[in-house]
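One-letter residues, chain by chain:
2 protein chains.
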Amino acid sequence: MFDASTYRDRRAALIKALGLRGERSGLVVLVGNGESPMNYTDNAYPFHQDSSFRYFFGHSKPGLAAAMDLGSGESVLYGDDLSMDDIVWTGPEPTMAELAEAAGCAFRHRSSLATDSREAPAILFLPPYRDETRRELARLLGVSIEAVDGKVSLPLIRAAIELREIKDALEVAEIEVAVATTVAMHRAALILTRPGMRESDIAARVTEIALADGGGLSFPVIATTKGATLHNHRHDRSLAAGSLFLLDAGAESLKGYAGDLTTTFPVGRRFDEKQRAIYEIVLAMGQAAIPAIGPGKPFMAAHDAAAKAAVTGLSSLGLMRGDPDEAVAKGAHALFFPHGLGHMLGLDVHDMENYGEDWVGYDGAGRSKEFGRKSLRLAKALKAGMVHTVEPGLYFIPELIAAWKSEGRFAEHIAFEKIEAWMGVGGVRNEEDWLVTPSGARRLGPSFDKSTAAIEAARSSGGIHG
Amino acid sequence: MFDASTYRDRRAALIKALGLRGERSGLVVLVGNGESPMNYTDNAYPFHQDSSFRYFFGHSKPGLAAAMDLGSGESVLYGDDLSMDDIVWTGPEPTMAELAEAAGCAFRHRSSLATDSREAPAILFLPPYRDETRRELARLLGVSIEAVDGKVSLPLIRAAIELREIKDALEVAEIEVAVATTVAMHRAALILTRPGMRESDIAARVTEIALADGGGLSFPVIATTKGATLHNHRHDRSLAAGSLFLLDAGAESLKGYAGDLTTTFPVGRRFDEKQRAIYEIVLAMGQAAIPAIGPGKPFMAAHDAAAKAAVTGLSSLGLMRGDPDEAVAKGAHALFFPHGLGHMLGLDVHDMENYGEDWVGYDGAGRSKEFGRKSLRLAKALKAGMVHTVEPGLYFIPELIAAWKSEGRFAEHIAFEKIEAWMGVGGVRNEEDWLVTPSGARRLGPSFDKSTAAIEAARSSGGIHG
Chain A
1 MFDASTYRDR RAALIKALGL RGERSGLVVL VGNGESPMNY TDNAYPFHQD
51 SSFRYFFGHS KPGLAAAMDL GSGESVLYGD DLSMDDIVWT GPEPTMAELA
101 EAAGCAFRHR SSLATDSREA PAILFLPPYR DETRRELARL LGVSIEAVDG
151 KVSLPLIRAA IELREIKDAL EVAEIEVAVA TTVAMHRAAL ILTRPGMRES
201 DIAARVTEIA LADGGGLSFP VIATTKGATL HNHRHDRSLA AGSLFLLDAG
251 AESLKGYAGD LTTTFPVGRR FDEKQRAIYE IVLAMGQAAI PAIGPGKPFM
301 AAHDAAAKAA VTGLSSLGLM RGDPDEAVAK GAHALFFPHG LGHMLGLDVH
351 DMENYGEDWV GYDGAGRSKE FGRKSLRLAK ALKAGMVHTV EPGLYFIPEL
401 IAAWKSEGRF AEHIAFEKIE AWMGVGGVRN EEDWLVTPSG ARRLGPSFDK
451 STAAIEAARS SGGIHG
Chain B
1 MFDASTYRDR RAALIKALGL RGERSGLVVL VGNGESPMNY TDNAYPFHQD
51 SSFRYFFGHS KPGLAAAMDL GSGESVLYGD DLSMDDIVWT GPEPTMAELA
101 EAAGCAFRHR SSLATDSREA PAILFLPPYR DETRRELARL LGVSIEAVDG
151 KVSLPLIRAA IELREIKDAL EVAEIEVAVA TTVAMHRAAL ILTRPGMRES
201 DIAARVTEIA LADGGGLSFP VIATTKGATL HNHRHDRSLA AGSLFLLDAG
251 AESLKGYAGD LTTTFPVGRR FDEKQRAIYE IVLAMGQAAI PAIGPGKPFM
301 AAHDAAAKAA VTGLSSLGLM RGDPDEAVAK GAHALFFPHG LGHMLGLDVH
351 DMENYGEDWV GYDGAGRSKE FGRKSLRLAK ALKAGMVHTV EPGLYFIPEL
401 IAAWKSEGRF AEHIAFEKIE AWMGVGGVRN EEDWLVTPSG ARRLGPSFDK
451 STAAIEAARS SGGIHG
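Protein chains in written order, with the numbering used here: chain A, 1 to 466; chain B, 1 to 466.
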């Protein structure tokens, strides 16, 4: 169970890690998220706490802040108890004293953060991503809002990554809870999708499952028959037999940990021949990647293994040609596989993305500028306890194919003249969530057979015709 | 149909209204909303466009801005076409030329807003509610972010209210679409709620219905057995027969117009005697208010009529006493009815709330500071074409009752000694959406019988026991 000792231990570990990096005085300030206004101040989106705040202090409640004093090792939670007027509208809430006890720290009025910050020899903070937070940091630092991003603490970023990237057993169990809900969302879609429905019907149903479990969605649902658009958040199309349907959706556990799966299946009962061929290459890409995952192994190698499987498979269909290693080295596969194989997963669906992928996924080692490879979010050597996605995909993106074809890009590897016949496949992606173990890797969550046979059996079980 | 002429006409009317207020030069700047980051920049909440932007330019798409030149009468939409990299991720989108044509105006690069603003003799803008918007306005104005709110244009606020508060037939039709989906959400909850379910099950189901219709929710769902907490957004309780369930939820139409209804019903099959008595007083409050609604009639009078019906009803139960008019004049009813009777409804669920309720609901005429009455969002004289809610409610709020009882507040009107027996009723609210017509008022949306007989019939139709 997550309790006061969990958060105390995490903070002590952070302070220790910062000390090893030479940061032994100053105040680590975590500004928790406020409400996020939709169309006016009091009409807010569902509250989502800042993940760093949640990791070190636990509470998911708007308007809090916290600080850790590197000199004394003391932590303080900043917030205010409710007034009677508040209670009429929101009901009674835990007091600050109770919140502080649960987080294993002291508490002070919210306004004291400003005074405490003024007295601190230095303020260390993590990269903000909302201007409300930047604005408060600007006031605490006494600088303009434009200057805030330039003053983030790299030692703090690196120390926080070092802790958060390794998931302990409690965290892995939470992620498995999120993945279990996520599997239920995908199984429901797999059973209920019917020609004639709208994409929004499926998006709505999987959202319902995530909300009913209490944690909500970990990111906006992609539910589309246009899978070739990688981040398609429109849900306005009707579903026709003959198309593929791509669902990329995940639930969040009540403690805030994310699940993230993608499933692709026919809107009708069965894959057609071309859909099946591409789908099976995508499964083969995942199978090729798994042996490359384990402690000490760079995730870049797993990405390349998947890319090579893509080239090999597409070559067998006549869509690519030439030496697969050479094609991958040049980046020719990226026409069909333009994104990365995976990303860290934790309290954020792209875990710690606000810290900067160059640190989270590359340890600052520099990143490719090549189309496709530049979108790989995780490349560095893995460690046991890391959790990440494995999400190979193949796409026929009309605008991209037209552009490369017109310039004859990688024509030695790409059979542009044969692609036209395959455009109708659109996009296929299969995404799973994996834990790096001391000996290799383990898929998280309940079993979910993605073979064409299992997918077609599930599509038939719902009594679908077509 | 909303088309280019709709938006052109609205802008011309605004420019004319500003001219009548003496504003004949300068640039009216509307900064459209951007994405709203949840836990890092690229993990955003579902996009919601700024309602003013949508009203005058129509488009619901992140990152746009627009301006109307009061001198020339010309309007410009600011934005950029997609790059190839964008298209890979988001798919093709309408071009700026197409967007501008649909809005009936010119278009320029997004960055041109800054240059055009620098050349303008004055910049007029509406009250912002996100710091991202404040930050851009600060740059356009050349002031600090803290100074922005103080520079909003009151003539622009008043001219925009004058237009937006009167809904034309197209807008009323859109609101009826939203209310129809909203009624479907409430009917579904009324049929499916069962003892043993969690509040989140109902919240999830009504969300699904709103999402499937494509427009989503107009505000966060209240789905609670603790109706005495007015804005209760927790959904973590289990439902037990014997309690009342309160659902306050609404859908948004695809054009962005809001529905907003509240329904209260027993978790079991029937109201108990006390629940029924309070519920029927709430219905009577609504019935008392309706005759007070019509052109030229101040909404404050409708509020007071509902409050008086509350006092009369509660007096018949022995919970209040003394002259009802006197009790209402003093504000004694507010112990049980602590909020206002209604608010404007349109593109925002509290329409134009970011403009300031003192202007939207009071025409700047000043507002009561009295507990209860101060929460009335709309008080001014009504006009045909206004759309507003009618939402009487009665609550037994433990913390509020304890506080008033201890100070003997309005003891001449409140039978504190009898309240304890009624605490279990919790909260009851009934909310409907109404249009002010030339002759009075018309309830919007499909028929929805809220009588105890109809509610109990619906509860039985689902095969519920209890």
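Do not take every clue at face value.
Note: identical chains are not told apart, hence a pair may lie in one copy or across any two.
[To be verified] Derived lysine-lysine pairs resembling DSS-like cross-links, with alpha carbons at most 30 Å apart:
(1) K61 to K369
(2) K226 to K151
(3) K226 to K255
(4) K61 to K226
(5) K418 to K16
(6) K61 to K374
(7) K418 to K383
(8) K274 to K450
(9) K405 to K383
(10) K16 to K330
(11) K297 to K418
(12) K418 to K450
(13) K330 to K374
Keep in mind that the hints were calculated from the coordinates and are not lab data.
(message) One pair to classify: K61 and K369, alpha carbons no more than 30 Å apart. Within, between, both, or neither?
(response) between (39 Å within a copy, 29 Å between copies)
(request) Go through the copies and call it for K16 and K330: within, between, both or neither, with a Cα cutoff of 30 Å. (result) neither (43 Å within a copy, 61 Å between copies)
(message) Checking an output row: K418 and K450, CA cutoff 30 Å. Within, between, both or neither?
(response) For K418 and K450, the Cα distance is within 30 Å only inside one copy (28 Å; across copies 63 Å).
(message) Treating 30 Å as the Cα threshold, decide for K61 and K374: within, between, both or neither.
(response) between (36 Å within a copy, 27 Å between copies)
(message) Checking an output row: K61 and K226, CA cutoff 30 Å. Within, between, both or neither?
(response) For K61 and K226, only the inter-copy Cα distance (19 Å) is at most 30 Å; the intra-copy one is 37 Å.
(request) If the cutoff is 30 Å on CA atoms, where do K297 and K418 land: within, between, both or neither? Let me know, please. (result) Classified as neither; 36 Å inside a copy, 72 Å across copies.
(request) At 30 Å max between alpha carbons, let me know whether K274 reaches K450 within a copy, between copies, both or neither. (result) Within one copy only: 17 Å inside a chain, 55 Å across chains, cut-off 30 Å.
(message) If the cut is 30 Å between Cα atoms, do K418 and K16 qualify within a copy, between copies, both or neither?
(response) neither (59 Å within a copy, 60 Å between copies)
(request) Could you place K418 and K383 in one of the four classes (within, between, both, neither) given a Cα distance threshold of 30 Å? (result) neither (42 Å within a copy, 66 Å between copies)
(message) I want to check one pair: K226 and K255. Are their C-alpha atoms no more than 30 Å apart within a copy, between two copies, both, or neither?
(response) Classified as between; 23 Å across copies, 33 Å inside a copy.
(request) State whether the alpha carbon distance between K226 and K151 is at most 30 Å within one copy, between copies, both, or neither. (result) For K226 and K151, the Cα distance exceeds 30 Å both inside one copy (41 Å) and across copies (45 Å).
(request) Tell me, please, which holds for K330 and K374 at an alpha-carbon limit of 30 Å: within, between, both or neither? (result) within (13 Å within a copy, 68 Å between copies)
Checked against the numbered hints given earlier, this structure breaks hints 2, 5, 7, 9, 10, 11; the rest are met.
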